[in-house]
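Colleague: Let chain A serve as the given structure and place chain B on it in line with the hints.
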Amino acid sequence: MTAWFQSTFLGVELGWLVATLILILMIALPLMLAVAMIIYADRKIWAAMALRRGPNVVGPFGLLQSFADGLKVFLQETIIPSSANKILFLIAPIITFTVAQMAWAVIPFGSQQVLADINVGLLYILAISSLGVYGVVISGWSSNSKYPFFSALRAAAQMISYEVSIGFVLISVVLMADSFNLSTIVLAQKGHVLGFINGFGFNPMLLPMAVVFLISAMAETARTPFDLTEAESELVAGYQTEYSSMSFALFWLGEYANVILMCALNAVLFWGGWLPPIDWAPLYAVPGMIWFFAKILFFFFVFSWVKATVPRYRYDQLMRLGWKIFLPLSLFWVFLVSGFLMLTRYGA
Amino acid sequence: MMQIIAFYLFATILIASGALTILARNPVHSVLWLILAFFNAAGLMLLLGAEFIAMLLVIVYVGAVAVLFLFVVMMLDIDFAALRSGFVRYLPFGALLAVVLAAEMLFALGSWRAGGVQLAGRIAPVHSASSNIQQVGELLYSRYIFLFEAAGIILLVAMIGAIVLTNRPRGGVRRQNVAAQNARRPKDAVRLVNQPIGQGVEL
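Each protein sequence line maps, in turn, to chains A and B. The first sequence: position 128 = 800 (the working numbering), numbered continuously. The second sequence: position 110 = 1483 (the working numbering), numbered continuously.
Among the hints, erroneous ones may be present.
Said to hold, decoys possible - Computed far set for chain B versus chain A, every beta-carbon distance over 12 Å:
1) T1385
2) L1470
3) L1482
4) V1551
5) Q1568
6) Q1572
Stated by the list, open to error - Reference listing, derived: stretches of chain A covered by chain B, where coverage requires no fewer than 3 residues with Cβ under 8 Å from a Cβ of chain B:
7) 789-797
8) 807-820
9) 829-841
As the list claims (entries may be wrong) - Selected chain B positions facing chain A (in silico; Cβ < 10 Å):
10) L1443
11) Q1507
12) E1511
13) I1570
14) G1571
Don't read these hints as lab results, they were simulated from the structure. Where a beta carbon is used, it is the ideal one built from N, C-alpha and C, also for glycine.
Isolated chain A (complex conformation):
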């Protein structure tokens, strides 16, 4: 498509710009639609596990609930606390929302179906996800209010702690795949186990890292067992306490876009991305995107399931899990994987 635009009157550079902008919209708009539907799915799953009905009034089966909520939030008055730092107060939700979308640039939806097929894709994801904390920290500080500030401090410490173990997990995947490029990582998983099973997660050596990554992803997105940043029993609503209307909605959308991103990363890094689970020709008749979305939905179900069943951690337990269990474990696993590769792939 880029080549076609470049061949028109726009020329090479403008054509590239127009084509890229259209591609960005092709990812961002469905993503927002997906976020709306996944919020609905989250509430439905949660309700089903609590033996409730969940949203069932707006539209058939309540399918339009998220849009109704969006409209309601859009029509609300934006309240800015008089003692807040106004500019930062308004920038913070924008940062969260933007950063949540930026990372999608390097996610491969199928073979060759990726916006930016860069060599440092995984590092890009790490870099962007480390930016996510700023939205929370800045909103907590600029609200000029006790509970949001506590929440900001908690968020800063929590995200740094779990990013360390996520980094080591990614290193072991990179060692196995021999590349930082996400498409190459997916292709390296083709027939990885016994020659016909696609996915690093099926390899018993990488399965523990897949579990560590799943749990760290929950901590990184501050989902329920680790949602200390918005613990309503202690901090009202955490960093979002002072927010209303669209600025609140941006946090909300960004948070769920991040959750979907983490589900997508689970699928790409450990469970074969757009590849079917088994390397068997008829399965490739199903488009790669379908497999990818199915995996994302499965992991989202796991996230909701955990949210509905597991009680919230205490803060010291959260820190202990991150620093005393996941960090040594993932560090040891980097040694294990690299040692194994030295013995097998690169010769002793």
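Modeller: Below, chain B alone, put in the same frame as chain A:
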């Protein structure tokens, strides 16, 4: 064309946010401007084709170092008047530092323009077959292996030093024994009693 626009955009924002880092009155604003400066420096690195360095800059400086800065600065209770008062006293030292930096940059630029350095061999390899990371890795683990390991050892020593310096034994702290907590079973902690009416509870 696009690269030139991007370069001037990144460079302008970088310089402006660098200046605002030292001009901002509020230290939290300072740190936020610093973060913006890091980010734009990463953009400049990308334009040079040094994608690995750019990503590391964002991951390490923006993602970790600046978060810790912000963490500390947010909790400070700063008296802005006291902060301004020492300006004249620190001015000579600051001016000295500025002169040293300016001289160093002058020397570096001068020797570069004089052509003593083979510049062509030093630009990041953009259009080569192997990726940026591979080339950095190959250099780092072959030619500069001792320097690399020395840097690692220095960091390790610094880390241990920081831990030793801040680790002061505090008396009277009740620590949690997680293994004991997990080993506790309901029958050790809970007793079900079918208490007859009219009799006191035996504790």
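Colleague: Starting from the hint list further up, note which numbers the structure goes against and sort them upward.
Modeller: 4, 12, 13, 14
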